[in-house]
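Using the sequences and the hints, build the whole thing.
Residue numbers (full-length UniProt numbering), protein chains in the order written: chain A, 1 to 340; chain B, 1 to 340.
Simulated from the structure, these hints should not be mistaken for laboratory data. All C-beta atoms, glycine included, are put in the ideal place defined by N, C-alpha and C. Zero decoy hints are in this set.
Cβ-to-Cβ under 8 Å is the rule here; a few derived chain B residues that face chain A:
1. LEU10
2. GLY14
3. GLY15
4. GLU37
5. ASP38
6. GLU43
7. LEU47
8. LEU85
9. TRP94
10. LYS134
11. PHE145
12. SER149
13. ILE154
14. THR225
15. SER231
16. PRO337
Beyond 10 Å from chain A on every Cβ pair, some chain B residues (computed):
17. ALA118
18. ALA123
19. GLY168
20. ASP196
21. PRO216
22. GLU298
23. ALA300
24. VAL309
25. GLU310
Now for the letters of each chain:
Protein chains: 2
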Amino acid sequence: MALRDDKVTLSHGGGGKAMRDLIEEVFTAVFEPPGMEDQAVLEAAALAEPGARLAFTTDSFVVTPIEFPGGDIGKIAVCGTVNDLAVGGAVPLWLSAAFIIEEGTEIALLRRVVASMAREAAAAGVRIVTGDTKVVGRGACDTLFVTTSGVGVIPPGRAMGAARVRPGDVAIVNGVLGDHGAAILAARGDLALSTDLQSDCAALGHLMADVLAAAPGAKAARDLTRGGLASALNEIAETAGCGIEIAEEDLPLRAEVVGVCEILGLDPLYLANEGRLVVFVPEAEAAAALSAMRARAEGAGAAVIGRAVEGHVGQVRMRTAFGGARIVDMLVGEQLPRIC
Amino acid sequence: MALRDDKVTLSHGGGGKAMRDLIEEVFTAVFEPPGMEDQAVLEAAALAEPGARLAFTTDSFVVTPIEFPGGDIGKIAVCGTVNDLAVGGAVPLWLSAAFIIEEGTEIALLRRVVASMAREAAAAGVRIVTGDTKVVGRGACDTLFVTTSGVGVIPPGRAMGAARVRPGDVAIVNGVLGDHGAAILAARGDLALSTDLQSDCAALGHLMADVLAAAPGAKAARDLTRGGLASALNEIAETAGCGIEIAEEDLPLRAEVVGVCEILGLDPLYLANEGRLVVFVPEAEAAAALSAMRARAEGAGAAVIGRAVEGHVGQVRMRTAFGGARIVDMLVGEQLPRIC
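Next up, the structure:
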């Protein structure tokens, strides 16, 4: 145990012995990257298959609070990047993790976040193979930011993309909407009421693999993070050059989330999710895709919510519970800062 | 021109229309990533070669000031990650770039940083293929942090690593030491004196390729960032299980840097560089490696500085200009926060 401090100091970022101790004891002892060189060197057998392509993505995570019901910044950093790869049809393989740490941060907190990342990575079948730590002075960042990047392989012949969605394709989500956004709001203590809400944060790589096995004609998928379902559907409608129609009564929503939204004047369609996706599949494969989702814990609440249509190109419309229709636009202002 | 603001607001991070405008106008219009899906999909022909391996690395950059003589946070974010790949023997191919932006940051500053990144990436022969932006409230970060990750390919048969360094191998650096650290110090205005010092920040992928062509037996290389030459040599000595001996009179140092160090009680051996590396090559290839470096602008000041030796395993010793010898230890405390 070379690390005798309780809190991170600037010397833990200085490039010397203290930094090496922090990295070795808190990070690499848990992540066990292959080798100790600055970069990871990886056997790319899956990438060597003719026609295979490489998927590459990145996200910074600045969520507050750092620990919340159902997750923490580390879990979200692993799941978010795994999900970005998965919805593109890639098999997630490797992650990098870069930490920006405020001087004074509790090392015990770092250990919890790192343990959470290792746990999620193992469950998702990915390895955290390389990383970085920087320390900034008090007040120069808010405790801890984590940036993960992910590399995956897209098997030969697989081509997911919003441009492939055609009228008639069915939209399916894998569970209730808005739990993450509502749980974060509640965890911030901005609400007068206390709730049992948990973030939906989950890695969806295995679920996507099952969906693609059951519905090989799946066209496109999106994870429903910032901007929520509404933003994802708008982006797909615009890129695909078709309309999208959803039905309010088909949207899976938890009563508590609806309640939180009513009190705060929010719309659950725009709430962020960290373990939810929408996938568009040909109508003939919709039942198979739905069954594949429901067979997994992270897809137990899966539901058909609508479909792509010929009319109102680039626009998302919702049939309301009262029989009317409304346009579901992209989020214009800003709903919740630092949700992920 | 959808973007009418001068400064970044929280709505630019919210997942809605403002975020899309910021990303499209400031980032993707310049980086021109392949496609607009969340992840980049890349043809991996170089990776499909039998025996080729994938290299993957990441670094967060928190340098202050954001713009300094000879560079800015964007240039350093591209060069740093390119260099991490290059010193491992990889051909750098693709970068990701994730931005954490403080509310109120000038959009003009973002544009300059992005232009700088695009310029450096083009010069280094890499593409910025995917990215992310997050916005945090005032005071939650210090203007702008950038995290880059890099993917490269290690050609079949190439195996660089500190463990391969053997007694007799010659250590070569590609130029004067400490310019970056001294330039950052001067730019912070912490010095009473004004200097003409410029950061040495440079991408070294092409230089490494030339060195490896001239000296195919090259054993290991390290870029001399945080902790400087001293920390890199200590790490190599420890991993290789041999000693390293350098000569003070052989170290390429600029008089101004020595002066700054004397005034501030710093040691140039520990100053950070962002365009400098040390490479260990077999003695028979040292002249060829040196010539290859000197043929490039970023290696014009290359010099042999020492060699690996049988004795004092794991230790770096320096013959001083006065004929004595001193141990060059790893940096223990912290020299300069937020140098990169």
